[in-house]
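Trainee: Below, each chain spelled out in residue letters.
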Amino acid sequence: MSYWHKHSLRLLKHELKRGELTIILLAIVLAVSAVFSLSGFSSRVKQALTAESSTFIAADRVLDTGSVIDPTVLAKATSLQLIQAQQIQMSSMVFTDEQMALSALSAVSDSYPLRGELLVSPSLDAAQAVAVNSPKLGEAWLEAKGLRQLGITLGDSIEVGVMRFKVTGIITQIPDASFSVFSSGPVVFINDQDIHKTELIQPGSRLSYKYLFAGEADNITAFEQWFKPQLSDNQRWYDIKSQNSPLARALTKADKYLSLASMLGIVLASVAVAVASRRYSQRHQSVVAVFKAMGASKRYVAKLYCLHWSLLSVLSISLGLIVGYLILNVGLYAMRDYLDISATGNMAYPFLVAIVTGIICAVSFAITPLKELVQTSPMTLLRGRDNAANNSLLTRLMSPMPSLLAIFILLYLFSQDAVLSAALLIGGMLVALVLLVIGRLFMSAGRSAGSKAGKSWHLALANLKRRANENAVQLISFTIAIQLLLIIVVMKNGLIDDWQKQLPDNSANRFLVNITASQVEPVNNFVESLGIESSGLFPVVRGRLTKINADQVTKRVSKEETKSADNGRRGVGRELNMTWRDAIPYENSLIAGSWWSPEDTRALVSIESTLADKLDVEIGDDLTFQLGSEEVQVVVSSIRKVNWQTLQPNFYMIFNQHVLADFPATYISSLYVPDEATDALQDFLTQYPTITLIDVDAIITQLRSVIGQVSIAIEFILVLVVLAGSLVLVAQVQASMEERERELAILRTLGASGRLLRNSVLFEFVALGALAGLMASIAMELGVYILQSRIFEMPGSFHFQYWLLGIGAGASFVGLIGLLSCWRLLNMSSVTLIRRTM
Amino acid sequence: MKLNSDVILKVSALTKSVKTDAKTLDILHPMDLTVTAGDSLAIVGASGSGKSTLLSIIAGLDLPSSGEVFLKNKPLHQFNEEQRSAVRAQHVGFIFQQFLLINSLTALENIMLPAELAGMDNPEQLARELLAKVDLADRAEHFPSQLSGGEQQRVAIARAFISKPDILFADEPTGNLDTKTGSHIADLLFEINKQQGTTLILVTHDPKLAARCQRQVIMESGQLSETNVVPVIAETLVTKPVVTESSAIKQPLSGSL
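Chains G and U, in that order, are what the protein sequence lines are. Residue numbers for the first sequence follow this note's numbering, beginning at 175 and rising by one. Residue numbers for the second sequence follow this note's numbering, beginning at 7 and rising by one.
Calculated directly from the structure, the hints in this document are not laboratory data. Each residue gets a CB set at the ideal place from its N, CA and C atoms; glycine is no exception. It is possible that part of the hints are untrue.
[Said to hold, decoys possible] Listed next, the in silico DMTMM-like pairs over lysine to aspartate or glutamate satisfying Cα-Cα at most 25 Å (straight line):
id	chain 1	residue 1	chain 2	residue 2
1	G	K639	U	E130
2	G	K402	G	D238
3	G	K250	G	D271
4	G	K187	U	E130
5	G	K639	U	E232
6	G	K639	U	E147
7	G	K639	U	D127
8	U	K25	G	E189
9	G	K191	U	D27
10	U	K16	U	E74
[What the hints assert, rightly or not] Over the 12 Å line for every Cβ pair with chain U, so calculated as not near, a few chain G residues:
id	residue
11	H370
12	S382
13	T395
14	Y523
15	E695
16	S768
17	W769
18	I793
19	I865
20	I1008
[As the list claims (entries may be wrong)] Chain U is faced by these chain G residues, among others (derived, beta-carbon under 7 Å):
id	residue
21	P245
22	A249
23	E272
24	G928
25	S1003
26	S1004
27	V1005
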């Protein structure tokens, strides 16, 4: 073994044994383990959440079409090992001997549902419900309300088309229950092989064919990429995210949050590596100076430290992978009761990205310090000056470039978004610059010769002012770490509040539809008598938009069913449900025009904003509607933004009362019915069997459950980010330790009491932490505003309540870490301190 | 034990041993020493003889393994770290070979430090006076890194005297300086010492510096013996180099986190 090899190994062994490399080791271990566990965890959680939420559509992807699909499509899906199911949906009358009702008929194949569970009970006891697929031939399943409506029970028969079915089960849960208040009638499930026997499918029949697909994510994506370009106008392709449902939006935000938290955690860990590397270089300057004074060449020194650093990196990365794997499994285990996360799965990506991260961290952040170290002159020993003091301005300006490039690469590696990565990096640099200036001003303000060292606080503040330059750099690190942590906390709570606002505890859990005009008063009386919260009764008139100004709607909207990823709401081209209101409804806000007064007799309409954009409609445009046999022309007087996430009836078109009052209408309403009022509601509805009750409790419960699970995932990642931030703080405190040790030695020798020194150290760090917390809070507001408005599509807001948290957390955290880091020194004897200093 | 009012330091049967991995190392063998207030005493000896260890113990920086140390009637051997700190703050001044100035303080602030710790009035005025005395009045706002070795040691001298200590310990005060500067520093040290009437205990291997003290003692392999003969000291140092095992000062230290 050559000498440089031996020296390198000896150096590594001694330094590891003495704990000199602990911070660097921990920083790289943290960066690697954070990336490994975060990328593994968040991808699994995302997959599990997506799978969980896919139960809302009973599949991973759904094709909704008006006609039977080309068999080659199904063959392609089969070739990609996708599981498939089919569903035919139509409205149909269902007859018993005594009654009849319009039902939502669903004929399903034997593999339905592909995701989620269809729960059917073989008895009147809903607790006996089990997960099933499709009814047997000749059998039908109904919801309980359907049985009531038809006046039948289990074992009785119903007629659907020309076929009789025996009712053998009561449906308690439908995974892809249609959440449209305008679907009416009880749900009836039959086997899809029976549909043709009913003879319901005739030329011109209005029905919907749904083809459900599910499988491995890669195969689904491949199938989607193959099929989507072939979509025709009458076909709709969707997954859970494109549904624009409350859950879809919640998932998208959670996705972004997890990515953001992960990126910030990696940046923090990288900062810790950078700080520790710089300290490493400074400590080794004298070692290199001695080597060179004894005749070692630059090349020799370079090889020695490259090997030394490489061995350290390999050790750190290996440990990081092991720790990351353990954290990942602990996290998955903790989530097992909440999400169905597979313990196995694709580990290759997290493994590879963690190794790459470790190498980038270990190499990029150390390049500049190691380069400076190798270039150390033996004169450093004689002059006692820092190497860096000899560098030109250009060299000093260029020295952080490798680290900045490394941060950008790390951010991009994780986010796959170059713009976001660049924005975060540049934003971070600007913030650091501003913080440096502000921090320096704070430190230098009121700098005076007197220290009044007799009192702890005065000594602490005097020390802060004296070490203004060094403290300013520490201040930036503390501030950025606290700022990032505050952003994570504020965004987390903001997201959860946002979701919770959509689903407060007393959200509407029942819809009443098909209420006739004559039933309005009894319904109102009933609701008032029980004190039930209600959205009020909305009249509904069905009509079709036929002209915009003089243009026929077919010209403008021929491509309204787009093939884009949105595949969202269906607006026009078919009948719309329209209503009239005297006042603007709850969670609707005007963005153009004005609302009418109740006395206004003009023919006016208010249109929803996304539809207005789609149809290119502006204030003052004339819209013509076909309502039954009549044509109605109205003027657009306002454009509204609608919060579609609320559980209340929402409308694209709202007219003033004068326009629609004379047209026949049914009414709908959303109610919050507490458990104790359920029976009373059922009794009331038996008097009005034509009123349809839609129970959304199950959907809300499921939604809340998923939101709760996402919150837990976010908190888990927050813990990792907090750990990363802690390491930065420790690294920074350690960086100042040698100077602090020397000062303690001198002060101790001169007779300063232990209490004075302990308190002054504590107060110094508390003051530094409080100042960092204050600056972090200010910086947090800016960062959160940008994130809220640009990334998370949430309204921007201030969070003054978090300022106290920032200041308090900064003071406590930095104070505690500083004191603990100095504890050993504070309790050393004077003679030991002096010996360590010499 | 009440000392004679003239005696400022009394050491009796003092020893110091250190345990290493292999065995116990006797740094100081049983020794006695008495110093009268106002005296100047030089402790001389070769490197590794134990003189700095002795200085640490009698200055209250370290505890003996056995024996007694009374400083201004205070039993240092029975005091804990806090109590010895208090004694140092009240009665003791220090000058070190490495100067040991605080790098983030100016010259003026370094000098003020002991006065502030002792709670004295007008520390800045006192510090400026002393700074003028050591001929550095125009360097008050300069940091140690901006001062030469000699200038730093002058600041250290001023710092040692600001609290008007009863006893001043100097450990190789000219060790890091060239002959001319060292001589100048020594002049300054003795001049201020005479003005303030401080007891001076000096550790040195410089025979000329030792000769300027009223008394000299020799440390040889942890044994203390007294001599007034400077040539003997010079001969001892020149012809009889003492090779000893490394002292406790040179022990490897535990790593830091």
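Trainee: Are the hints correct? Go through all of them and say.
Mentor: Against the structure, the hints:
{"no.": "1", "hint": "G:K639 to U:E130", "in the structure": "holds, 18 Å"}
{"no.": "2", "hint": "G:K402 to G:D238", "in the structure": "holds, 12 Å"}
{"no.": "3", "hint": "G:K250 to G:D271", "in the structure": "violated, 46 Å"}
{"no.": "4", "hint": "G:K187 to U:E130", "in the structure": "violated, 49 Å"}
{"no.": "5", "hint": "G:K639 to U:E232", "in the structure": "violated, 49 Å"}
{"no.": "6", "hint": "G:K639 to U:E147", "in the structure": "holds, 15 Å"}
{"no.": "7", "hint": "G:K639 to U:D127", "in the structure": "holds, 23 Å"}
{"no.": "8", "hint": "U:K25 to G:E189", "in the structure": "holds, 24 Å"}
{"no.": "9", "hint": "G:K191 to U:D27", "in the structure": "holds, 17 Å"}
{"no.": "10", "hint": "U:K16 to U:E74", "in the structure": "holds, 8 Å"}
{"no.": "11", "hint": "H370", "in the structure": "holds, 78 Å"}
{"no.": "12", "hint": "S382", "in the structure": "holds, 67 Å"}
{"no.": "13", "hint": "T395", "in the structure": "holds, 48 Å"}
{"no.": "14", "hint": "Y523", "in the structure": "holds, 34 Å"}
{"no.": "15", "hint": "E695", "in the structure": "holds, 78 Å"}
{"no.": "16", "hint": "S768", "in the structure": "holds, 67 Å"}
{"no.": "17", "hint": "W769", "in the structure": "holds, 67 Å"}
{"no.": "18", "hint": "I793", "in the structure": "holds, 68 Å"}
{"no.": "19", "hint": "I865", "in the structure": "holds, 73 Å"}
{"no.": "20", "hint": "I1008", "in the structure": "violated, 7 Å"}
{"no.": "21", "hint": "P245", "in the structure": "violated, 69 Å"}
{"no.": "22", "hint": "A249", "in the structure": "violated, 65 Å"}
{"no.": "23", "hint": "E272", "in the structure": "violated, 84 Å"}
{"no.": "24", "hint": "G928", "in the structure": "holds, 5 Å"}
{"no.": "25", "hint": "S1003", "in the structure": "holds, 6 Å"}
{"no.": "26", "hint": "S1004", "in the structure": "holds, 5 Å"}
{"no.": "27", "hint": "V1005", "in the structure": "holds, 4 Å"}
This entry does not satisfy hints 3, 4, 5, 20, 21, 22, 23, going by the numbered hints stated previously.
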